[in-house]
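Student: This is what each chain is made of:
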Amino acid sequence: MNKKMLSLPYLFWCAVFIIIPLCMVVYYGLTDKTGAFTLANIAAIATAEHAKALWFSLLLSFAGTVICLLLAYPLAMILSGMKVSQHSFIVLIFILPMWMNFLLRTMAWETLLEKNGIINTILHFLHLPALNIINTPSAIILGMVYNFLPFMVLPIYNALTKIDNNVVNAARDLGAGSFQTFSRIIFPLSLPGVISGITMVFVPALTTFVISTLLGGSKILLIGNVIEQEFTQTGNWHLGSGLSIVLMIFILINMVLSAVFDKDGEGATL
Amino acid sequence: MKDVLVNLEHISKSYDSHMVLDDLNLYIRENEFLTLLGPSGCGKTTTLRILGGFEQPDTGKVIFDGADITCLPANKRPLNTVFQKYALFTHMNIAENIAFGLKIKNKTKDYINDKIKYALKLVNLDGYEKRMPDSLSGGQQQRIAIARAIVNEPRLLLLDEPLGALDLKLRQDMQYELIRLKNELGITFIYVTHDQEEALTMSDTIVVMNQGYIQQIGSPERIYNEPENAFVADFIGDSNIIGGIMVKDRLVEILGARFSCVDEGFGQNKPVDVVIRPEDVELVKPEEGAIQGVVSHIIFKGVHYEMEVQAGGFEWLVHSTRMFPVGTPVGILVEPFNIQIMNKPESEDEEAVKTDE
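The listed protein sequences derive, respectively, from chains A and B. Okay, so the first sequence: first residue is -2 according to our numbering, each after it adds one. Okay, so the second sequence: first residue is 13 according to our numbering, each after it adds one.
No lab work stands behind these hints: they were computed from the structure. Don't take every hint at face value.
[Said to hold, decoys possible] Selected chain A positions facing chain B (in silico; Cβ < 7 Å): (1) N163; (2) R169; (3) L171; (4) A173; (5) L186.
[Unchecked claim] Some but not every residue of chain A turned toward chain B, in silico, with C-beta under 7 Å: (6) V164; (7) N166; (8) A167; (9) D170; (10) G172; (11) G174; (12) P185.
Ideal Cβ placement from N, Cα and C applies to all residues, glycine included.
Could you build all of it, start to finish, from the sequences and the hints given here?
Tutor: Structure follows, in structure tokens:
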């Protein structure tokens, strides 16, 4: 009884801020302006404009996730090979930016990348060709990689440090060279961390609208931007909710896939 | 005399400024069961890791079957290791674990399958192919680790305290199992342990180590009955180590009483250390003993009683099947061949004596 009492505030929190909003999204998504049931809001994803935005979102977040993985894995390996006294400083450097506001950091990139921004001023000063990536998909991917890289590094690093050094030694002892030891032992054993990292990068990247607004200008619409506009500009909550449900389904698929691979929930615990 | 398989020549190793091994020389014969025995930090595991190729010596050479393998990486060495905590690959089933080394060597499927069957039979775990390592008990996992190593038909098997994590009964069973395996396979075993009983049970040769030096090399009987210094005597089994004076050949004076012994060549009136095993101390009536004393403590140990006897200003440790209640006046007798005389170390440092066989 006592324990139940203690959990009441959290249940209240869950209900007010998670369950009720979710129900409202579902309600709005499945009704039209008159309140009648309809699947039109969900089917709207099939229109050329929306489908393109979703496809673009999937593409960019996929690219961002792959780049994060390629950058994070070697880094996590280097970190896990270091002594505690050495690596804690580097881990701190990686976590430090996360303490700053996400919006601020992305705006900083906007200033850096602008046509007459800091980077181009320096390049001009050095008589190098200007870098014109602001308002392109490249800038969005850059923003995603920059913001979400720590979420990829930490679970992989965590999984790698859990591997017993003697297991690696055993593989060497049984005749495996460096590459075979990595491909057959180290990588498979770090897979839970990799999957957890992919989820933690892919999901926020897929739903982002801040990065695409700030770094992609108004030219590139991601599904997050479309939904945002339906709520804030067009004022069509029904369509916005319908598209949100579609996006949620994609995220759920991703979650289910990672749950299947990461049975022990190893990588998820930071 | 069998051929020498491995030769360690002048091996030294230090971490930072801490010397772990200092000019270690050791050879291992083909088909020998050799145990490196010593307290933690004595350098036994480092020696094994240098043999396995996981550690490079600062100086010295590792000669295997006549060839210098000092710089050869672990994956190229013709030997295999069984690790302390099994180190099984948890993402693979038992068959895949055992097949790992063979797959690396590109053996055929049939060959690998035969080998898996054979190895599982050898360690009494037939039918475990599809199980995952996590679902096995500690003892079973250790058998799999051994099976995984021996399918590669190494000429030398290194075992790093493989039974350390098992309970007593299982450990004893596994000791007999290892002796059987060694005899069946004809592989040379190098075994590392801090457990003197384990070493005495299994080994052909025991190497007692302390502080990076070899203290004594010999058969279990020799190590137990004729320890070369106080460290070995103290580390292997219980013992009474008493300061004495070698009056002349075959006569030693301990605690004011004279005992005849069988040792010669120590000179006259030379201070020595005398080792007497507790089971070799005979308790008799006071008037029949060489020294008189009183039983001060007694514990029942199952096979024998463990007693402490205050005699001649020394607390004697005595094992006897006869019970003497606390307070009983007794006499102490020791047979001459049960008295082991050792040179006294000249300084504290010299307790870690360098001995070359």
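Student: Starting from the hint list further up, note which numbers the structure goes against and sort them upward.
Tutor: none
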